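Take a look at the letters that make up each chain.
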Amino acid sequence: MFKFILKRIIEAIPTLLILITVSFFLMRFAPGSPFSSERTLPPQVMANINAKYGLDKPVFEQYTTYLTNVLHGDFGPSFKYKDYTVNELVGAALPVSAKIGSVAFIFSLFFGVAIGTIAALRQNTWLDYSVMSTAMLGIVMPSFVLAPVLIYLFSINMEWFPAGGWLDGSAKYMVLPVLGMAMMYVATFARITRGSMIEVLNSNFIRTARSKGLSFSYIVLKHALKPAMLPVISYMGPAFVGIITGSVVIETIFGLPGIGKLFVNAAFNRDYSLVMGVTILIGLLFILFNAIVDILLAYVDPKIRY
Amino acid sequence: MLAKKQNSEVINQLADNLEIEGRSLWQDARIRFMRNKAAMVSLVILIMITLSVILVPIFAEFAFDDTDWYALHQAPSAEHLFGTDSLGRDLFVRTFIGGRISIMVGVLGALVAVIIGTVYGATSGFIGGKVDRMMMRFLEILYSIPFMFLVIVLVTFFGRNIVLIFVAIGAIAWLDMARIVRGQTLSLRNKEFIEAAHVCGVSNWNIIRRHIIPNVLGIVAVYSTLLVPSMILTESFLSFLGLGVQEPMTSWGALLQEGAQTMEVAIWQLSFPAAFMVVTLFCFNYIGDGLRDALDPKDR
Amino acid sequence: MNKNKITKALMLGLGLSVATASFNALAANVPEGTKLAAKQELVRGNGTEVASLDPQKTEGVPESMAIRDLLEGLVNQDADGNTIPGVAESWETTDNKTFTFHLRKDAKWSNGDPVTAEDFVYSFQRAVDPATASPYAWYLEMTSMVNAADIVAGKKDKSTLGVKAIDANTFEVKLEHTTPYFVMMMGHTTVKPVHKATVEKYGDQWTKPENFVGNGAFVIDNWVVNERIEMVPNKNYWDNEHTVLTKVTYLPIENQVAEMNRFLSGEIDMTYEVPNEHFRRLQKEHPESLQIKGSLCTYYYNFNLKKPPFDDVRVRKAVSYAIDRNIIANALLGQGQKPAYFLTPEIISGFSPELPAYGKLTQKERNEEAKKLLAEAGYNEANPLKFSLLYNTSENHKKLAVAISSMWKKTLGAQVTLENQEWKTYLETKKQGDFQASRAGWCGDYNEPSTFTSLMEGNNTSAGIHYQSADYDKLVAAALASTSAEERTQLYYQQEQLLAKDMPLAPIYQYVSTRLLNPRVGGYAANNAEDKIYSKDMYIIAE
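Protein chains in written order, with full-length UniProt numbering: chain D, 1 to 306; chain H, 1 to 300; chain L, 1 to 543.
To be clear, the hints were calculated from the coordinates, so they are not data collected in a lab. Hints may contain errors.
Stated by the list, open to error - In silico DSBU-like cross-links for lysine-lysine, where the CA-CA straight-line distance does not exceed 30 Å:
no., chain 1, residue 1, chain 2, residue 2
1, D, Lys52, L, Lys158
2, L, Lys201, D, Lys52
3, L, Lys474, L, Lys501
4, L, Lys409, L, Lys371
5, D, Lys226, D, Lys3
6, L, Lys156, D, Lys57
Treat the numbers as computed from the prediction; the structure is a model and nothing was measured.
Next up, chain D with everything else stripped away, as it sits in the complex (with noise of 0.2 Å):
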């Protein structure tokens, strides 16, 4: 278990390393700077403000501060944000995200495997059909639909749920973003959850649990649950990554200051330091969740080994 978890903390070394670089340079490749504006700036006032952020500097010279700056856990001052500093920007995002992002999850993954496991014990029956139809449609209607709809009627017509904001969190202000946020992933939960769940109930040791005469819900409960649970595992890591950083979307129709938002706006005003950033971040979660869900999988699954 140790010796598992160090191979993957070395193993990480260089992906991020690989990832660092390439997304350094890729930004500053990328057309337009941090600085420019509407009306072209005088070349001294120019000058001035690249000299200020470094950017006077030949690119290779920038990149090995800026690694350098990294390895102290220094992330540099925000070029567009210029009261802040990277680190105190996703620090104050990052929770926000963290927190909206774990509800919706445990929302989608209850709720996903619930229906699925209904799904796949009512086979080709109505029920089946209606179910699994009503979840695809959060596959197939995407979010900045969906999420006005609700802005619609919960907010506008029902007065349920504040349109938007943040403010402290509160549960009021979340129903929707989560809502919005979840409905795909209950739906992708529940169609894994019903394919694997089918395939189990087909297999061999099921068959002969039956043949035995236990009783079809202590089967599915005891049984076949845990190995159905394979796939939705394995689909947990991108899941949670997912839910975390691809909700511009949500963050953006709902007004709340998330990651998604940040990483976005970032990109589009080239805020070279904040994009590095999250994109660290990003690939740090990534790892992080990889391995966690390795470790689910050898738990649940005896095949695995460390």
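The hints should help you fit chains H and L onto chain D, whose structure is shown.
Chains H and L alone, transformed into the frame defined by chain D:
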């Protein structure tokens, strides 16, 4: 992007069980697929939609970029079946033109992903050993690069040429494909007929081309069907960010984005394109499911 | 219709104004008999997240909006856009080159320190200091403040700037040229004072709520990036007794529809903008909440004069004439925007020139003229005009680009490719001159034509890509040096005439600023064309 992940898992399982039995497998599969009602209905609808997005704009009364200052935001009527948008353009023809673009980029992106993924995965799995480990390591690194950021950079590089953008996105989306094909190839590699080919002195490249690739085609087919809808969704996400297709051309994503903004004023701007896109994506998904079931020998 | 609310013109005393009388500075003048609500909290939509709250590091409108409540400059504006005393109680000049400001003695920073002339000396020097790297450093060059240009260029030390604290309450500024509108320019964000001790102690961190020291009516209480900025009254503000609001919240909401929804569900009292497609609906359903006023901004397309086909003035004219500005302003926008035939919007004070010849024609005549010019330039059906139009990502820009290219297609048979780029790429493309025609727009920094006409001056046009004319530059220089208001106005008119003749840009429409405002909010500056809104003037009326 996400639907794809899920599909890949399902296919992974399928891959473990898929037996390679030559022709009879395909015949069986076809019969099983024809028996699947949902998939067959979807296939018919999809063919109809495809035909209409090709033909309707050719024969329609209005051009997709015809503006009419006296018919701004008109509700559906006999003249404009789906109503008009904020510049008086006919939404009927725009919905079909948009569908043309969406389906095209979906298929194109999936195609690029499938080609790169299959070749990469087959090579990696077939050669194995150090090369395999290196190639998989490289995949993992690509996995950890935020997709959205890459897209933004790509769009700024390529400008707004929608075809190029989707070739580029396809070039990112091949990662899962590569993994699946590699897994499949690994199991194939140890089969007797491959070893026989080796012994006969057939070159590696030829083995990949003649034996490995045809044998993983089943999974590839399923996977591509499921990749198309996720590509269409990716396009709509790009449109949301304002990085989509160039006006006056349009796509379902772009139409939906506009429609979602004017929901309270002109619901027809949202409902018609949304209905078409949802139906199309449903169809692709059912066909994908149908193909998977058909190719799964255990269900015989 | 709310058209009556559109300001026609804002008259501002230009020229040799010797204003020594002390005005009664206006702060939340609640009319007699108004019943105030118990809860005096205002929530304002503010477009995007502010890049900074440091006045010397910002350039955008959202930043200026928030800073206006936090810091007070030498002068303020009243609800109609007139310049009124801020920290300076009065000012005088005899030659429009040396200005003396008399600061009010009761002005205090939020930590209790008095606001002195030294603070302004420090802040002005900070604005031009290359180490500050202010994106608006050029603003002080525009005023022609002594040595400003050399300091920005790093040729002189910042201590040589033409500013002096004669005593604690007397601040003197020396200019190189006469600049009669100098006092008006002192209302800008870049020339707001900062508290020296705080800035030096905390560096870039000084604007954080826990460190912030300001001299405006409010201080920062809470700041969550991409979510909200909350402000509470500054107890040490000299006019704090007139501040009615107990809390002001700024929300950065980029999506106009999202902002509108939050207004409609009662979470915001005042929006930043209104989504264009919803305007007519809002007009019908919520007429009492719509606020429309003229705005110091012009929307135009500029041409790349260094590349064909727009190196030919006939093509530029033809393309400009063929734009049906009435359709754009009235049918497609329809909030009170006006067709534009000048770079300078007509709402700007003291600016009412005669329309250029093409502006007086009907659209039909203009179209005929355009076809003729294009034919002369050698374009016809066999050889149609082809070019690409660049614009930055936005629903409104997209809409107009599609509409105008459709006009060009119908009238001129031109084949126009639209090119939509996200903001930074768009700026880079323009800078590199890698475009043919492009969307552009500009909002005045102060209420005087030079804030617009200087845009087309040779060294502001990306090495002449947008325009380069010795005649024009001469007129600009002459206007700057002129001591007579009348003469200067005539020079501006001549600049506009030259622009109509050379047509380096096609003016399209003059902006209005439209927002949703809760009818219970009082004290809104409904006629301030620069949209300088002070929260300290506002209050909430009881239901």
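Results of checking the hints against the structure:
1. For the hint pairing lysine 52 (chain D) with lysine 158 (chain L), the CA-to-CA distance comes to about 17 Å; that is within 30 Å, so the pair holds.
2. Restraint check: the Cα-Cα separation between lysine 201 (chain L) and lysine 52 (chain D) comes to about 19 Å, which is no more than 30 Å; the hinted pair holds.
3. The straight-line distance between the Cα atoms of lysine 474 (chain L) and lysine 501 (chain L) is roughly 16 Å, inside the 30 Å bound, and the hint therefore holds.
4. For a cut-off of 30 Å, the pair hint linking lysine 409 (chain L) to lysine 371 (chain L) stands: about 12 Å separates their Cα positions.
5. Annotation: proposed proximity of lysine 226 (chain D) to lysine 3 (chain D) holds, straight-line Cα distance about 26 Å (limit 30 Å).
6. Distance check on the hinted pair: lysine 156 (chain L) and lysine 57 (chain D) sit about 24 Å apart at the alpha-carbon level, within 30 Å; holds.
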